[in-house]
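Residue numbers (my numbering), protein chains in the order written: chain A, 1 to 557; chain B, 558 to 819; chain C, 820 to 929.
None of these hints come from the bench; they were simulated from the model. Any given hint could be a false lead.
To be verified - Covered stretches of chain A (in silico footprint by chain C; criterion: 3 or more residues with CB under 8 Å from a CB of chain C, positions within the stretch not fixed):
| hint | segment |
| --- | --- |
| 1 | 62–71 |
| 2 | 303–313 |
Said to hold, decoys possible - Counterexamples of contact, computed for chain A against chain C with all Cβ distances above 12 Å:
| hint | residue |
| --- | --- |
| 3 | K118 |
| 4 | L212 |
| 5 | G217 |
| 6 | D246 |
| 7 | L249 |
| 8 | Y257 |
| 9 | I433 |
| 10 | R457 |
| 11 | P462 |
| 12 | S491 |
| 13 | Y496 |
Idealized CB from N, CA, C, for every residue including glycine.
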Amino acid sequence: MNNTPPTPSYEPPRDHYLISAGGHIRSWLLTTDHKRIALLYLISVTVFFFIGGVFATMIRIHLLTPDGVLVTPETYNKLFTMHGVAMIFFFLIPSIPAVLGNFLIPMMIGAKDLAFPKINLLSWYIYLIGGSFVLYSFSTGGLDTGWTFYTPLSSIYSNSAVTPAVLGIFINGFSSILTGLNFIVTIHTMRAPGMTWFRLPLFVWSHYATSLVMILGTPVVAITLLLAGLERMFHLGFFNPAMGGDPILFQHLFWFYSHPAVYIMVLPAMGVVSEIIPTFARKPIFGYSFIAASSIAIAVIGFLVWAHHMFVTGESTYAALTFSFLSYLVAIPSAVKVFNWTATLYKGSISWDAPMLYALGFIGLFTIGGLTGLFLACLGLDIHIHDTYFVIAHFHYIMVGGAVMGYVGGLHYWWPKITGRLYPEALSHFAAIVLFLGFNLTFFPQFILGYLGMPRRYHSYPPEFQVLNVLSTAGASILALGYLLPMAYLSWSMRYGKVAGPNPWPATGLEWKTDSPPPTENFHVTPVVDWEPYDYRNRPDLGLAAGAPLAPAHSDD
Amino acid sequence: MRRGVLFNATFSEAKQEQGVHRTGELYGQFQTLDQQKESATFGMWIFLVTEVLFFGGMFLTYTINRHEYFTAFGIGSNTLDITLGTVNTIVLIMSSFTMAMAVWSAETGKKKLVPLFLILTLGLGCVFLGIKFVEYKQKFEHHLIPGRNFAITYRSSHPAPGDDPKEIALEKEEVEKAFASDPDANSHAQLYFSLYFAMTGLHALHMIVGAGLIVWLIKASLRGRFTPQYNTPVEIVGLYWHFVDIVWIYLFPLLYLIDRHR
Amino acid sequence: MPEHSEHVVSPKIYLSIFLALILGTGLTTWAAFRNFGPFNIVIALAIATAKATLVVLFFMHARYGERRTRLVIVCALFWLAIMLALTLSDYQTRQPRMSRLLSRAAHYAA
């Protein structure tokens with residue numbers, strides 16, 4: 001906040017969404033207010049993040065020595081499976097959309113709520129029911145199939161609790177579908193007067209693209225897991241080669257959703273970054289329409305590449321060639337985004353607030369994750385690094401370095417809006433740096449390990465890999481600190497933080513034009529939008545004092 | 558600022574409203590009834606998109622297996638009762654028609670006709686499910702439920718007293734021919750029946766959900782709730798019902814009409 | 820319907836669509852019992868698609884609805900096509916399966 005001249009002190013609003021319906025537990029469990037539901041999601045995804053995090057910790061401790069120090073090989077299989085299931089289906093996929101998206105989309109477009117508030121609440125309950133099934137599976141025998149549930153292992157051979165897990169993920173899919181449906185309808189029909197499509201914040205655009213993936217992909221994984229579950233329960237043969245079925249068909253159907261699902265995780269984070277960068281560079285975003293279009297392009301092209309997960313499974317060479325080529329295409333819209341963010345920073349008046357640190361971290365880590373993705377899309381190279389730690393490192397750079405960085409950055413950025421309080425500044429800088437260093441120390445060695453040939457999902461490894469594995473485990477403990485710190489000080493700041501005022505940064509979005517925390521109906525008067533997005537030059541209403549360090553007008557943007 | 562005011566509002570201060578208010582038929586998050594109707598209809602269309610892809614996954618599984626095991630799928634399909642299948646198709650189309658008429662009655666303000674057409678729709682839906690049940694029962698008696706006792710040869714070797722001997726002889730010949738070209742025909746026919754039950758079963762499940770929704774509509778329509786201004790529920794349940802009809806329009810030829818010209 | 824923008828379809832149209840659908844059902848059943856070689860499935864799917872189109876356009880009012888509705892329908896079909904086409908692109912270009920080779924060998928031996 002070294003960028004805004006003397007900060008005025010604020011009183012919190014008298015009435016806002018956190019108190020206006022009362023603090024009683026019923027008022028939370030039966031709420032249809034999108035902001036309260038967002039907080040319910042915040043709590044529940046954090047629980048799953050912890051569960052997944054515990055499994056991750058155990059994996060890293062186990063791999064300290066070549067023979068493994070902690071668990072039996074069977075338990076190790078369960079650890080990485082349950083880590084993946086908890087993190088992907090119950091943390092990463094709902095994290096940004098269901099927490100930040102839920103909270104912000106109606107406010108960003110100037111609506112009182114989502115189009116279907118009750119369905120929004122229903123989708124949280126569906127998430128809880130699905131989550132309970134999965135936790136039941138974890139606690140009664142665990143799950144050892146890998147998060148991908150490949151048949152016929154998952155349908156016949158596994159002795160772990162596959163059926164409840166598959167049911168849980170099937171059920172949870174509907175939560176995702178309903179959230180996506182709600183967002184799409186809301187963005188189409190609930191925009192405030194003057195909020196045209198090309199005045200929508202890029203966060204909304206990226207959530208629109210995310211929702212597309214949710215509604216078009218999720219039903220396919222639902223039916224796939226249903227068929228696999230039926231196969232397991234009734235000994236059918238859809239994917240069982242002994243009965244004429246085709247296990248590769250399962251993989252096709254599974255990845256038809258699960259590859260685009262990566263974009264469910266990372267597109268919203270891109271939306272967060274697109275909001276943070278112009279705010280802390282004090283400059284209109286470079287190439288607004290290109291960033292908006294590239295979100296949609298990623299959602300569409302993301303559906304054309306799934307079989308690059310299957311290059312070594314026996315799919316036809318011609319199909320592999322096609323999918324390899326199509327996979328390279330995703331790099332184009334992704335690069336468009338990265339270049340546009342960088343161009344926004346150029347000659348901006350940058351301030352180093354915590355959200356900005358996370359956003360910059362995102363750009364760097366996502367770029368590494370994305371470029372190593374191209375290695376994997378290359379047919380010949382993939383034969384060498386398929387199913388090695390190279391893959392693990394690659395997708396953790398996208399999912400943790402990308403999606404989680406975006407999520408934590410977004411939480412910081414909108415925390416004053418959500419709670420009305422500011423987080424402690426110095427501590428937040430420290431945590432962001434710890435997170436960044438810890439992350440790289442954990443996962444960069446894994447690139448090298450994979451390239452040298454250490455396979456994923458093995459409970460032991462040759463002694464020459466120990467140094468890199470120890471480094472990775474050391475990094476993981478730093479990374480854990482990097483997560484615990486924000487959790488601690490963000491909770492602390494809910495009560496003790498400095499009162500934020502409506503627009504502490506200041507930023508241009510509609511959500512900053514109302515109180516922090518906002519009233520139940522979001523705006524006291526329905527807003528009318530008559531400005532262009534991210535237009536820092538023509539917004540005297542932001543309260544930037546004359547001579548404030550606004551970026552000079554550039555002719556090149 | 559007093560500490561802890563965020564979460565410490567006392568219970569006595571708690572208001573009853575959990576979200577934005579509702580006035581009459583207009584829910585609080587909307588500005589106008591038109592906007593509300595537009596959103597609800599659009600939402601149902603989006604939901605139907607997810608249904609297309611949901612069933613799509615099964616149609617894909619079907620396509621690949623049918624292509625691979627055409628002979629076995631043919632004999633499986635020929636064991637289905639074409640008369641019951643055709644009658645059921647007509648019943649379902651009829652129910653779609655009565656549903657469309659229910660929507661029309663609501664839109665034109667014919668309040669008496671709305672429950673009448675809805676009850677007709679519900680009745681036809683139940684007839685469909687009843688016939689489906691009879692078919693499932695037949696398959697059970699003929700050992701055509703996938704599992705340990707599945708035997709595509711069972712019926713032709715254990716004819717019931719009522720069966721047409723000519724029909725049985727034809728089936729026997731066909732099954733033998735199939736086994737000559739595909740020794741695993743029993744497994745592959747079982748695949749056909751796994752898909753048959755999965756696809757028709759999920760379709761029937763959608764019918765049951767639809768029937769539940771129609772019961773709810775009948776109740777509301779008997780109270781005269783649907784008017785030319787407010788008929789969105791009838792409209793969107795109608796959309797759902799027609800979609801379920803469309804799924805059957807594809808299931809019928811794909812399941813009942815493989816290799817019929819034996 | 821004064822001051823109501825939406826188009827009310829007349830029962831006459833519904834009735835004729837209904838009759839067309841019944842006709843289509845009869846036609847598809849009839850065609851299934853004739854041998855058109857590889858075209859049996861093509862005919863069956865063509866008739867089914869024609870029937871489905873009638874239902875969507877008239878019973879579901881897509882013909883009278885907004886452009887947005889049509890966009891939604893096109894999207895659904897497009898993504899369904901992606902799934903079918905790209906998956907089948909693998910199956911259509913695979914090496915022949917061993918089981919098929921064996922059965923073909925058995926065929927030639929006979």
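Results for each hint:
Here's how the segment 62–71 of chain A fares: 0 of its residues keep a CB closer than 8 Å to some CB of chain C, so the rule of at least three is not met and the hint is violated. Check on the segment 303–313 of chain A: 4 of its residues sit with their Cβ under 8 Å from a Cβ of chain C, so the three-residue criterion for coverage holds. Residue placement check: A:K118 keeps its beta carbon more than 12 Å from all beta carbons of chain C (closest about 22 Å). Distance to chain C contradicts A:L212 as a non-interface residue, since its nearest Cβ pair spans about 8 Å, not more than 12 Å.
Not every C-beta of chain C lies more than 12 Å from that of A:G217, the closest at about 9 Å, which undercuts listing it as non-interface. Separation of A:D246 from chain C is inadequate, the least Cβ-Cβ distance of about 8 Å not exceeding the 12 Å criterion. Distance check for A:L249 against chain C: the nearest CB is about 8 Å away, which does not clear 12 Å, and the non-interface claim fails. In this structure A:Y257 is not separated from chain C by more than 12 Å, as the shortest Cβ-Cβ distance comes to only about 10 Å.
Chain C leaves A:I433 outside its interface by the beta-carbon criterion, the shortest separation being 42 Å against a cut-off of 12 Å. At the 12 Å boundary, the C-beta of A:R457 stays outside the reach of chain C, the nearest C-beta of that chain being 25 Å off. Against the 12 Å criterion, A:P462 stays outside the reach of chain C, whose nearest CB is about 35 Å from its own CB. For A:S491, the non-interface assignment is confirmed: its Cβ lies about 42 Å from the closest Cβ of chain C, beyond the 12 Å cut-off.
At roughly 48 Å from the closest C-beta of chain C, the C-beta of A:Y496 stays outside 12 Å, upholding its exclusion from the interface.
Checked against the numbered hints above, the structure violates hints 1, 4, 5, 6, 7, 8; every other hint is satisfied.
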